[in-house]
Amino acid sequence: MPTTMQDLRRQPINVVDEEKGSNQEIRDKKIDKTEKTMPLDAEVLVGSLRDGRLRVLSPFSVRFSSEGSSIIAEATEFNEFGFGENWSEALLDLQYAIVELYFSLEGGQDRLGSDLQNVWSVLQQKIQKIQK
Amino acid sequence: MTIKDREFDHLMDKFEFKVRDSGDLLAWFEVDGKIVTRTRRSHKRGDLPMQHSIRQQLKLSEEQLRQAIDCRLNRNDYIQILRLKGLL
Numbered sequence: 001m002p003t004t005m006q007d008l009r010r011q012p013i014n015v016v017d018e019e020k021g022s023n024q025e026i027r028d029k030k031i032d033k034t035e036k037t038m039p040l041d042a043e044v045l046v047g048s049l050r051d052g053r054l055r056v057l058s059p060f061s062v063r064f065s066s067e068g069s070s071i072i073a074e075a076t077e078f079n080e081f082g083f084g085e086n087w088s089e090a091l092l093d094l095q096y097a098i099v100e101l102y103f104s105l106e107g108g109q110d111r112l113g114s115d116l117q118n119v120w121s122v123l124q125q126k127i128q129k130i131q132k
Numbered sequence: 001m002t003i004k005d006r007e008f009d010h011l012m013d014k015f016e017f018k019v020r021d022s023g024d025l026l027a028w029f030e031v032d033g034k035i036v037t038r039t040r041r042s043h044k045r046g047d048l049p050m051q052h053s054i055r056q057q058l059k060l061s062e063e064q065l066r067q068a069i070d071c072r073l074n075r076n077d078y079i080q081i082l083r084l085k086g087l088l
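Respectively, the protein sequence lines represent chains S and D. When we follow my numbering, the leftmost residue of the first sequence carries the number 1, and every step to the right adds one. When we follow my numbering, the leftmost residue of the second sequence carries the number 1, and every step to the right adds one.
Heads up, some of the hints might be wrong.
[Stated by the list, open to error] Computed from the model, here is a short list of chain D residues facing chain S with C-beta under 8 Å:
| id | residue |
| --- | --- |
| 1 | Met12 |
| 2 | Leu25 |
| 3 | Gly33 |
| 4 | Arg38 |
| 5 | Arg40 |
| 6 | Pro49 |
| 7 | Arg66 |
| 8 | Leu84 |
[To be verified] Within a straight-line C-alpha distance of at most 25 Å, the following computed SDA-like cross-link-like pairs (lysine to any residue) qualify:
| id | chain 1 | residue 1 | chain 2 | residue 2 |
| --- | --- | --- | --- | --- |
| 9 | D | Lys59 | D | Asp47 |
| 10 | D | Lys85 | S | Ser104 |
| 11 | D | Lys59 | S | Lys132 |
| 12 | D | Lys34 | S | Gly107 |
| 13 | D | Lys14 | S | Lys132 |
| 14 | D | Lys59 | S | Ser114 |
| 15 | D | Lys18 | S | Lys132 |
| 16 | D | Lys59 | S | Asp110 |
| 17 | D | Lys59 | S | Ser61 |
| 18 | D | Lys4 | D | Asp32 |
| 19 | D | Lys18 | S | Leu57 |
| 20 | D | Lys34 | D | Asp47 |
| 21 | S | Lys132 | S | Leu57 |
| 22 | D | Lys85 | D | Leu73 |
| 23 | D | Lys14 | S | Ser61 |
| 24 | D | Lys34 | S | Ser69 |
| 25 | D | Lys4 | S | Ser69 |
| 26 | D | Lys85 | S | Glu89 |
Since the hints were derived computationally from the structure, they do not count as laboratory data. Note that CB positions come from ideal geometry on N, CA and C, so glycine has one too.
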């Protein structure tokens, strides 16, 4: 487990299987640690979307920054972003946005333009739908 | 720079984005049935930060976004911009 911010920055925030659900507290604790100490322009790897329908196969990079009173979380690989009043809120917003993006692009995958086809391709490499 | 939520909504309306409310407002731009760009607006607050991120999703330059918000670009202009970028 990472013990310093430098360790945390390049570690997936959650590498556990979200289906098990018992690691939520650990996950939150890590994010809280991030919230207290994250410097501007920090970058972390995130390994969960907090959605039981999707599994992250390969952690994706999230860059944090601030704008006015908002904290911004950006996943440049997916060209998606989230924001909030703190690090945790921004990350949650981003995770929610990526889930929405995944299902939106999946639903329209036969009609995607070239740019969105690229995004969909990256999403498929990094994220897998859990078959039930 | 921030975009006000009503400016965002006006832009989506003017460019004829299709929208869906899923908690946030999801918007996507279609031309001849093809989905070319997409973006979203959070319902969190009045002013939207991340103007540059929204702009990147819309594939507009800063000046083009300003023109669009100022009602100096219409749907056809936007299509032309996307065409020039090779997205159509």
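Evaluation of the provided hints:
no. : hint               : verdict
1   : Met12              : 15 Å, violated
2   : Leu25              : 11 Å, violated
3   : Gly33              : 6 Å, holds
4   : Arg38              : 7 Å, holds
5   : Arg40              : 6 Å, holds
6   : Pro49              : 4 Å, holds
7   : Arg66              : 17 Å, violated
8   : Leu84              : 14 Å, violated
9   : D/Lys59 - D/Asp47  : 20 Å, holds
10  : D/Lys85 - S/Ser104 : 23 Å, holds
11  : D/Lys59 - S/Lys132 : 37 Å, violated
12  : D/Lys34 - S/Gly107 : 13 Å, holds
13  : D/Lys14 - S/Lys132 : 41 Å, violated
14  : D/Lys59 - S/Ser114 : 13 Å, holds
15  : D/Lys18 - S/Lys132 : 31 Å, violated
16  : D/Lys59 - S/Asp110 : 21 Å, holds
17  : D/Lys59 - S/Ser61  : 22 Å, holds
18  : D/Lys4 - D/Asp32   : 29 Å, violated
19  : D/Lys18 - S/Leu57  : 31 Å, violated
20  : D/Lys34 - D/Asp47  : 30 Å, violated
21  : S/Lys132 - S/Leu57 : 17 Å, holds
22  : D/Lys85 - D/Leu73  : 16 Å, holds
23  : D/Lys14 - S/Ser61  : 34 Å, violated
24  : D/Lys34 - S/Ser69  : 37 Å, violated
25  : D/Lys4 - S/Ser69   : 15 Å, holds
26  : D/Lys85 - S/Glu89  : 34 Å, violated
Consistency with the previously given hints fails for numbers 1, 2, 7, 8, 11, 13, 15, 18, 19, 20, 23, 24, 26, ordered from lowest to highest.
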